[in-house]
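Asker: Go by the hints and put chain B onto chain A.
For the record, the sequence lines run as chains A and B. Counted the way this note's numbering counts, the first sequence spans residues 6 to 122. Counted the way this note's numbering counts, the second sequence spans residues 108 to 221.
Treat each hint with caution, since some may be false.
[Said to hold, decoys possible] No farther apart than 27 angstroms at their CA atoms in a straight line, the calculated lysine-lysine pairs in the BS3-like style are these: (1) A/K32 <-> B/K149; (2) A/K49 <-> B/K156; (3) B/K165 <-> B/K149; (4) A/K32 <-> A/K67; (5) B/K175 <-> B/K156; (6) B/K156 <-> B/K176; (7) A/K49 <-> A/K32; (8) B/K156 <-> A/K32; (9) A/K49 <-> B/K149; (10) A/K56 <-> A/K76; (11) A/K56 <-> A/K67; (12) B/K175 <-> A/K49; (13) A/K56 <-> A/K32; (14) B/K176 <-> A/K49; (15) B/K175 <-> B/K165; (16) A/K67 <-> A/K49; (17) A/K76 <-> A/K32; (18) B/K165 <-> B/K176.
[Claimed, not checked] Okay, the calculated beta carbon distance ranges per label pair: (19) A/H34 <-> B/Y136: 17 to 27 angstroms; (20) B/P221 <-> A/V88: 36 to 46 angstroms; (21) A/V88 <-> B/A108: 26 to 36 angstroms; (22) B/Y136 <-> A/G21: 43 to 53 angstroms.
Don't read these hints as lab results, they were simulated from the structure. For clarity, every value in this text was computed on a predicted model and none was experimentally measured. Note that the Cβ used here is the ideal one computed from N, Cα and C, for glycine as well.
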Amino acid sequence: NAGVMQNPRHLVRRRGQEARLRCSPMKGHSHVYWYRQLPEEGLKFMVYLQKENIIDESGMPKERFSAEFPKEGPSILRIQQVVRGDSAAYFCASSPPTSGRPTGELFFGEGSRLTVL
Amino acid sequence: AQSVTQLDSHVSVSEGTPVLLRCNYSSSYSPSLFWYVQHPNKGLQLLLKYTSAATLVKGINGFEAEFKKSETSFHLTKPSAHMSDAAEYFCVVSDPGGSYIPTFGRGTSLIVHP
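Extracted from the complex, chain A is given alone in its bound form (with noise of 0.2 angstroms):
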């Protein structure tokens, strides 16, 4: 049972550029998180999502980030025109379907890495 997958692992884009992260959720999870991880800094909650909705992007910056968790297909986050305060490493996160809330657990991917030149 394959784990959350994410890629790429590392990505070097340059200002300006656009950036997509990937995000393939464990198998039968239907939440997935965003997640974004500064150097000596926890992770900061960026966007939630199930399948086909976003359900709380408040984490999320007002420009130049978009999320998305199609029906088919893994969870996409893109960051459009980089800068290089961008550079920072992302990680997915998924829980499975409940019958209520979310539990709270999460199961993690290794992150991808965004260095911005």
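Answerer: Leaving out everything else, chain B in the frame of chain A:
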């Protein structure tokens, strides 16, 4: 609103001595609490979780944590540190009845000396 405070950014211990990583939380509801470990350049792995069952929770690799509602604490302990325990540890709170977004502490870096 929920929040979590990890009281130490770094903890340094000698191999074979006890480990204590401190975590205090704030929550409007009955929270779920988690500890995750992150080794360098890796993802996060769940160590243990508290979800309103027994207050003393045992996890992997000999770690355990005790939920103390009166102190709003969820400290992580291990009787004897191994070199392989050196990593970053994150305390996480989630309010199943409130905001369902897990909130992370800033992390505690555990350093283990031979």
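Asker: Would you mind marking each hint as holding or not holding in the structure?
Answerer: Status of the hints after comparison with the structure:
Distance hint between A/K32 and B/K149 is fulfilled; the C-alpha atoms sit about 21 angstroms from each other, no more than 27 angstroms. Only pairs whose Cα atoms come within 27 angstroms are accepted, and A/K49 paired with B/K156 is accepted, the gap being roughly 20 angstroms. Taken as a hint, the B/K165 and B/K149 pair is honoured in the structure, with Cα atoms around 23 angstroms apart against an allowance of 27 angstroms. With a C-alpha separation of about 31 angstroms, the suggested pair A/K32 and A/K67 falls outside the 27 angstroms cut-off, and the hint is violated.
Proposed proximity of B/K175 and B/K156 is supported: the alpha carbons are some 14 angstroms apart, at most 27 angstroms. This hinted pair checks out: B/K156 and B/K176 have alpha carbons roughly 15 angstroms apart, not beyond 27 angstroms. The suggested pairing of A/K49 with A/K32 holds, with an alpha-carbon distance near 25 angstroms, which does not exceed 27 angstroms. With a CA separation close to 22 angstroms, the supplied pair B/K156 and A/K32 stays within the 27 angstroms bound.
Distance hint between A/K49 and B/K149 is fulfilled; the C-alpha atoms sit about 17 angstroms from each other, no more than 27 angstroms. About 6 angstroms separates the Cα atoms of A/K56 and A/K76, which keeps this hinted pair within 27 angstroms; it holds. For the proposed pair A/K56 and A/K67, the alpha carbon gap of about 22 angstroms is at most 27 angstroms, so the pair holds. At roughly 26 angstroms between alpha-carbon atoms, B/K175 and A/K49 fall within 27 angstroms of each other, so this suggested pair holds.
Our distance criterion of 27 angstroms between C-alpha atoms is met by A/K56 and A/K32, whose separation comes to about 13 angstroms. Under the criterion of a C-alpha separation no larger than 27 angstroms, the hint pairing B/K176 with A/K49 is consistent with the structure, at around 25 angstroms. Between B/K175 and B/K165 the alpha-carbon distance is near 15 angstroms, which keeps this suggested pair within the 27 angstroms criterion. For the hint pairing A/K67 with A/K49, the CA-to-CA distance comes to about 15 angstroms; that is within 27 angstroms, so the pair holds.
Of the pairs offered as hints, the one joining A/K76 and A/K32 holds, with about 14 angstroms between alpha carbons and a cut-off of 27 angstroms not exceeded. This hinted pair checks out: B/K165 and B/K176 have alpha carbons roughly 17 angstroms apart, not beyond 27 angstroms. As the Cβ distance of A/H34 to B/Y136 is approximately 24 angstroms, the hint placing it in 17 to 27 angstroms holds. About 42 angstroms separates the C-beta atoms of B/P221 and A/V88, a value consistent with the hinted range of 36 to 46 angstroms.
Between A/V88 and B/A108, the C-beta spacing of about 30 angstroms keeps the proposed range 26 to 36 angstroms intact. Against the hinted window of 43 to 53 angstroms, the Cβ-Cβ separation of B/Y136 and A/G21 comes to about 44 angstroms, which satisfies the hint.
Comparing the model with each numbered hint stated earlier shows that hint 4 is the single one that does not hold.
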